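What follows is the residue order along each chain.
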Amino acid sequence: MNKDMLVIGGGIAGIQSSLDLAEMGFKVYLVERLPSIGGKMAQLDKTFPTNDCAI
Amino acid sequence: MKQNKTGENTEGLRVGVFICDCGSNIAGHLDCAEVTKYAANLPGVVFTKENLYTCSEAGISEIQNAIRENNLNRVVVASCSPRTHHPLFASSCAQAGMNPYLFEMVNIRDQCSWVHMGQRDIATAKAKDLVRMGVAKSTALEPQKDIESSIIRKILVIGGGIAGLSAAEALAGMGLEVLLVEKEERCGGLMLGLNVLETGKSAAGQVSELAATVAATAGVTVFTASRVAEISGYIGNFKVAIETPTGRVEDTVGCIVVACGAVPLVEEGLFGYNGKDVITQMELEQRLATGSFKAARVVMIQCAGARNATREYCSRICCATAVKNAMIIKRKYPLAEVHVLYRDMQMYGDEKEQMLWDARGMGIKFHVFDQKKPPRVGDGKVTFQHAVLDETKEFKVDLTVLSTPLVARPESSQVAALMRVPCDKNGFFLEAHAKLRPLDFAADGIFVCGSARYPVTSVEARTQGLGVASRIGAILFKEKLVKSGIVAEIDQETCVGCMGCLNVCPYEAIIFNRETGVCEVKEILCKGCGNCASTCPSHSAVLRGYKPEQLLAQIRAI
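Here the protein sequences line up with chains A and B, keeping their order.
Be aware that the first sequence starts at 56, since it is given in the numbering used here, and climbs by one per residue.
Be aware that the second sequence starts at 473, since it is given in the numbering used here, and climbs by one per residue.
In short, the hints are calculated from the structure, not lab data.
Just so we're clear, the structure is a prediction, and the values are computed from it rather than from any experiment.
Hints are supplied without guarantee of correctness; some may be wrong.
Unchecked claim - Pairwise CB distance ranges (calculated):
| # | chain 1 | residue 1 | chain 2 | residue 2 | range |
| --- | --- | --- | --- | --- | --- |
| 1 | A | 81 | B | 665 | 34 to 42 Å |
| 2 | A | 81 | B | 916 | 15 to 23 Å |
| 3 | B | 555 | A | 80 | 22 to 30 Å |
| 4 | A | 89 | B | 747 | 54 to 62 Å |
| 5 | B | 555 | A | 78 | 16 to 24 Å |
As the list claims (entries may be wrong) - BS3-like cross-link-like pairs, simulated, lysine-lysine; straight-line CA separation at most 27 Å:
| # | chain 1 | residue 1 | chain 2 | residue 2 |
| --- | --- | --- | --- | --- |
| 6 | B | 907 | A | 101 |
| 7 | B | 626 | A | 58 |
| 8 | A | 82 | B | 626 |
| 9 | B | 907 | A | 82 |
| 10 | B | 600 | A | 101 |
| 11 | A | 101 | B | 598 |
| 12 | A | 95 | B | 907 |
| 13 | A | 58 | B | 952 |
| 14 | B | 824 | A | 95 |
| 15 | A | 82 | B | 950 |
| 16 | A | 101 | B | 521 |
| 17 | A | 82 | B | 955 |
Don't be surprised by glycine CBs; every beta carbon is placed ideally from N, CA and C.
Just chain B, same shape as in the assembly:
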């Protein structure tokens, strides 16, 4: 009988180990060939292979061929972060006929090659240790089944601005039911308060038209002057309660879209802000729209209240807004003097860059200032230090316009708390992954679009709204919901019903059964965090795939 280091039976085990170079990310800092050779002699290992990129098409097919040809019943991949690549490798194993829960991943990049750069011997030795531990754990793994549940083909959209309306329009177009909740009396959001877009079209007109289309679409129910009061449940089956002027509405939805937008910063005293002759770009838009704009000498100050110690971020849209409004003024009143004081101009893309050139051609003056010597506004003039010429300049001014950033809505933290989704340090909603999952939250079935996540233009808000609809379609058009089988289980024989696990579960996935007097796991709610398993005094709660014997096998292999 074959035995591994700790004396456990390895009979029948056929482990395949794949060591990834990750280009030079791993192979550049440790000896992958030596680690591969080492892995071949570990107990239970019958196949090893080093790949340039295990996650490439070639790497994946090598895993799948090895499973078929060598009858592998465990696969260990030593590569990058399981956060990004575990699902790919596990599902590839499943395609080749192996139970995906018998796959184990070892991180020899983020936790080894990257942190031990320039220490090749140490990194190689540590990679061997990590691989040995991974193989030991894999031998103790058990096959699991995915968990299935039903899906409600209805969506709750929170926020009726351009982002939320676009999501609702696209979702309804797919034939799905939509509940759209807007806190104001009418839908449209910030666009209702704008003058014209860069295209010259009326912003309010455009968004009102969209709102009317959405309201008239079959399957969409719009609740205005309403708010979401409660959300519970999970992807496919969220229970929601909406407070409307005519009473409380309760319903069940499959997915949720957060599109509650942002607001322009209005700060009394900022560069002498008073709402009269020192105003924000948003207020200028209103004056231009209503025809109440009157000024012969205008100075715009960029990054007003942004890119400073309080708000480090760039609001992205204010440069284009300032240039747009400066051009509107100049076009209507060619003799008006318009100065734009800036730190950096963010005019990205072909069209905006052209706008900046055209604006200069029209006679709008741009002056750069240093953040450490900000402009001073008062007594009918603006004084500032020109950062390039290094001389003090002074302009007489009738109207000072502050390009203030969009800031998170004060109520967004309450909305976040309803769903337990995170916000960043500036109060904007935080997506699951900045690059790969820009519209998803880490929590399944909840999505974000528009300025709720970060300041965006109306075009970007609409793009994101439409994008969210396709993400949701990909979930709701399935027959049933399939989720990971890595969930907690509680031994009904040994549980004493102390409810310690119930108190530490962040997902309300544990209930106390009054009839049997013990705790039970609602598998569909469980996210596999393991809090219950580490709390349970009688060791009755365990996490599948991370049971004590599985973790101990890994630890003993150190």
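With the rest of the complex left out, here is chain A:
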């Protein structure tokens, strides 16, 4: 069985999945349609309620 992973979409969900999978020791290919990952969240400024920078 090939244990490499393919994650389609580099928004917050895809990024977190990729990170957790990589932490588990799997090789992850993350594919994003746009030139940079981050998705909708990267377009936000601050996030409620902690005022952390969304990017």
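Based on the hints, put chain B in the right spot on chain A.
Just chain B now, kept in the frame of chain A:
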């Protein structure tokens, strides 16, 4: 010989300073270009750069290239909160070959640009001060090593509802050992008391099936009618004691899952609650499930005991529950009158929104009321003031159903105390970060899922349970545990064994060695809070990365 302002030797120091605009968050309120120019002339600084976003891929690679090309041995990033970004920058420095403990972060956003909006000159001057202090501290930093320890690949799951069962199922599926502790006689939690789910499937049937699967899975040990009595230790090596009907069981686990759920509020006298003709949605579910429901005229009251001064929060699931049950009644007894009195309907998502439309189509009546003029229940009728029409309405009623919120279990504070994890003002468990770490506690190796954290639907509880399993997999599938080297150390020569540090340590990370008569730090338990260092009368206890000379370098640079 080059010297800094306080006369210390800066020979051999190669500091790189990165000033972050944070888009307009910082650059919009202070002059980042001027701060960058200023930083270039600070003692020891050989490289400076202003970035639009230092945390972006481009920003990170600029740090790494600068380390390699300019042989940097200190990196200072002046940007946002170290709480969220210190780990990213430190590990990026490590990737480029620099010891990550030689990285220093300066917060010129939360503590500068945000608090001095509209005062550009003041903010710029303060940012310079903060950067100067950060650079001074960085010059006094010492390289450290990460601390490593072993990992036990076993998990304790507290609570056998849908959330805990889902976590246990997924963890066992990964090949990990699971101890599942349930306080009731059987697993299933609140779902055992429900009638059918929105899908029309039996809730109790679905959760019982899952409980049976989990109990039959190799590697899972289920303890019912049991409770967790003691927890000590740390991530990778928690010692736990479970009280079971057949005696006490002691074991060691690597991680802990808190999935002890919540309970529906039952409050005697609330809108005339009596458990007979004024009942909760949970009791209605039971009547529908057992076929004992008898009423021709039903009124449901939303936000009963919620979104008020005592309980400010919205329980999220009661609107959908009320609509679901109203539809079940209406489908079975088309002539029954069903009224739903609400303040706001929370029917989020595609399916629930459609449910609300369908319910209206079936003839279920929805009426909005004002919180200040709540409905009155009694004498076989419900009277209320319609908030839009501004007229008093009265319905004859056989059964009043209160949509009460889920509230924290009374014993959850004891569970929290076992692990020293926090609860919010409503008694729900408090996660590490509302956005970025919704399933983690701030304490390493302990996780939360389901309604223990906040009222959730069965689908959300299951999603969170499965999510927790992947968070734990990411820890337990490593060969060993690596933790920060920022821990306390006690000078064995100068310590007099007064045990002052031992008393202030919240993590039981300090022990008194009876043979040598002095105190010692158990590094793996130490969280680097610094309580011991600030207490020690002989200055024998110090916190690595925050030693007196390092902090003094920072203070003297003011």
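Distance restraint evaluation - residue 555 of chain B, residue 78 of chain A, Cβ atoms, bounds 16 to 24 Å: holds (20 Å)
Straight-line alpha-carbon gap residue 101 of chain A to residue 521 of chain B, limit 27 Å: holds (24 Å)
Given pair status - residue 952 of chain B, residue 58 of chain A, alpha carbons within 27 Å: Judged against 27 Å, a Cα distance of about 21 Å means the pair holds.
Pair hint residue 82 of chain A and residue 626 of chain B, alpha-carbon separation not exceeding 27 Å: Measuring from Cα to Cα gives roughly 24 Å; hence the hint holds.
54 to 62 Å as the expected CB spacing between residue 747 of chain B and residue 89 of chain A, which holds or is violated: Cβ of residue 89 of chain A to Cβ of residue 747 of chain B: about 57 Å, so the range 54 to 62 Å holds.
Restraint status (C-alpha distance of residue 824 of chain B to residue 95 of chain A at most 27 Å): holds (24 Å)
Hint consistency between residue 907 of chain B and residue 101 of chain A [alpha-carbon to alpha-carbon, up to 27 Å]: Distance of about 11 Å is within 27 Å: holds.
Satisfaction of hint between residue 101 of chain A and residue 600 of chain B, Cα-Cα up to 27 Å: Distance of about 24 Å is within 27 Å: holds.
Satisfaction of hint between residue 58 of chain A and residue 626 of chain B, Cα-Cα up to 27 Å: Holds: residue 626 of chain B and residue 58 of chain A sit about 23 Å apart, inside 27 Å.
Pairwise hint evaluation, residue 950 of chain B against residue 82 of chain A, where the allowed Cα distance is 27 Å at most: holds (14 Å)
Proposed proximity, residue 955 of chain B with residue 82 of chain A (alpha carbon, max 27 Å): holds (23 Å)
Residue 916 of chain B and residue 81 of chain A - C-beta distance against the hinted 15 to 23 Å: holds (22 Å)
Figure legend: structure checked against the earlier numbered hints; every hint is met.
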